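Novice: Listed below are the residues making up each chain.
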Amino acid sequence: MTEKGTVGTVERMTRAQRLVHLALMVAVLMLVLSGLALAYHDQGWARALITLMGGLGGRNVVHRTGAVLLVLVFVYHVVATNVSARHQQNALASVPKCSDVKAGWAGFLWRMTGKGEAPKYGHYTPMQKFQYWLIFLGCLLMGLSGVVLWSPRVSLELFPKSFFDLMLVVHSSEAQWAFIILLVWHLWDVHVASGNFPMNPAWITGRMREDLYRAQHEGEWESMQKGTKE
Amino acid sequence: MTPVTTLPTRLRRALLVLGLALAATCLAVATAAQEDVRCLSCHGKPGFKKTLPSGKVLELFVDPTGLRLSVHKDKHCVDCHADVGEVPHPSLPQKVNCRRCHYSGNTSGAPQLEKYVEFEQSVHGRALAEGNTKAPACQDCHGDHFILPGSDPRSEVSHKNLPQVCGRCHLEIFGEYEASVHGKALAKGIVDAPVCTNCHGEHTIRKAADPDSSVNAGHVANTCAQCHAKVVIMEKYGVKAEQVATYQESFHGIANEFGVLTAANCASCHTAHDILPESDPRSSVNAANIPKTCGKCHPGANANFANGRIHINAKDRSAGIVYWVALGFKILTLSTLCGLFIHIGLDLFRKAKNHKKEHGEAKP
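In the order they appear, the protein sequences are chains P and X.
First residue of the first sequence: 1, per the working numbering; consecutive thereafter.
First residue of the second sequence: 1, per the working numbering; consecutive thereafter.
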């Protein structure tokens with residue numbers, strides 16, 4: 001085994017990507033904390049959070065600031081994907097393919113039986129793709145329902161009360177679903193699994209250890225060695 | 001022999017004291033009773049009245065049977081009208097002060113409860129202390145001579161009679177209450193129907209603007225919930241007890257809970273005294289009136305506000321699509337969670353197996 005200090009690193013995230021990731025993280029944390037505090041307002045911890053945010057009015061400010069930040073991140077992401085070549089390449093890599101389902105299934109079988117080889121993943125693993133699209137579609141749904149909830153006065157002038165209620169339940173249910181996936185899977189995937197503990201430093205340094213990169217994205221690694229891009 | 005003779009002496013003395021005490025009591029009672037007779041020689045005449053220099057006519061007839069049937073049946077006129085001595089009275093006798101007997105630590109056995117202190121803190125007690133002559137004192141609600149416990153149906157302050165007592169001064173509100181769902185229920189003899197004091201308190205009545213008032217915006221929901229959250233009471237009248245919980249879970253309810261008192265409470269929409277069923281076209285929550293009612297806080301409210309249910313319970317099938325969407329998300333969340341844990345479990349399982357295999361190969 002190679003000594004830790006001598007292992008080379010590979011770039012995983014650019015400076016811009018890290019900044020956007022940080023903005024996304026801050027926005028989601030703000031939204032989740034202030035949102036869950038409202039959804040579970042009868043619990044002690046939720047009350048404490050609301051008090052910490054300066055009461056219900058302060059909570060609204062936190063939630064809406066987080067919302068604006070998330071919309072900015074989303075808009076930046078969509079625009080950048082369409083204008084920058086590098087982003088386009090990443091976007092292409094994130095498109096779900098039949099091979100992802102196959103790789104996912106193979107991974108499941110391999111974990112179950114241990115037969116055959118561990119699946120080789122590309123630039124994005126099937127789980128990362130799934131999470132990405134979940135966040136992407138989630139942003140759309142949360143954004144649209146959130147706009148309706150933003151001003152009940154305006155939205156109730158335009159839509160019936162029942163539509164408002166539907167948006168409310170969609171907003172809160174979808175948020176809790178996304179939160180659970182983020183909490184359980186993202187934390188596991190990035191912090192615990194595949195030798196990343198305590199965390200994959202890519203979100204701060206932008207780089208990953210070669211051996212881990214190879215282990216986690218072997219498909220891409222092989223094509224990188226051949227000098228070809230996926 | 002000496003002890004024998006001293007005992008009767010002592011006994012004799014004791015008997016003398018006892019006899020004197022008895023005689024004094026009899027004399028006092030007889031005097032008081034005699035006083036009563038004196039009082040009634042004028043006040044016992046039906047129609048006895050006096051016109052004050054101001055032109056005000058005082059009805060001064062007293063039916064002694066009322067007092068004899070009341071909780072004060074053993075009392076005499078001057079026990080309460082203590083400032084009356086001479087006939088005719090040299091000056092206008094003062095209004096009776098109940099606290100002559102009803103004070104803490106009294107020996108006459110008059111009940112002394114927190115109520116008297118509560119009254120002083122109440123809107124009526126404060127007005128009285130400030131010298132407002134229209135403010136009610138004890139006897140203005142409880143009656144003067146025919147005072148009975150509130151539990152007695154003949155009492156002025158009994159559940160059934162109370163609204164009329166308050167209505168003597170609060171005429172307009174009494175009219176609204178009488179026409180409301182609560183007032184009509186009371187008239188039908190429904191004992192569960194709230195009267196004034198059930199919401200406003202008895203001796204604790206405070207202005208709605210007072211943060212300690214039971215009808216202050218911060219307390220209205222809890223006050224209504226005393227009855228409306230009780231399934232046992234509500235199911236008798238076909239009213240949903242869950243309306244309290246659905247309010248508490250709504251934006252209005254949450255805001256109210258966190259002290260945003262501009263947020264709607266029960267009375268903001270249902271009114272305080274005019275409460276009528278949704279089906280009544282005059283009701284503030286009738287579909288036709290919803291835009292106006294919501295418009296009090298949401299200017300520009302239109303028919304869309306009435307298009308859907310206000311007290312919606314996403315956990316109940318009656319919520320329609322909202323229920324199914326909420327249920328769908330619940331199933332999705334739970335199954336996702338299961339999937340995630342299976343994935344993590346399998347990951348750990350494979351790692352442990354491979355670890356064992358590697359070490360197994362290394363050992364021999």
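By construction, these hints were calculated from the structure, which means they are not laboratory data.
Since the structure is predicted, the reported quantities are computational estimates derived from the model, not experimental observations.
Some hints here could point you the wrong way.
[Said to hold, decoys possible] Label pairs and their computed distance ranges (CB to CB):
(1) Phe251/X to Val79/P: 44 to 52 angstroms
(2) Gln139/X to Asn60/P: 49 to 57 angstroms
(3) Ile331/X to Trp150/P: 24 to 32 angstroms
Quick reminder that beta carbons are idealized off the backbone N, C-alpha and C, glycines included.
Novice: Against this structure, judge whether each hint is valid.
Specialist: Now for the hints, and whether the structure bears them out:
{"no.": "1", "hint": "Phe251/X to Val79/P: 44 to 52 angstroms", "in the structure": "violated (34 angstroms)"}
{"no.": "2", "hint": "Gln139/X to Asn60/P: 49 to 57 angstroms", "in the structure": "holds (52 angstroms)"}
{"no.": "3", "hint": "Ile331/X to Trp150/P: 24 to 32 angstroms", "in the structure": "holds (28 angstroms)"}
The structure fails hint 1 only (numbered hints given earlier).
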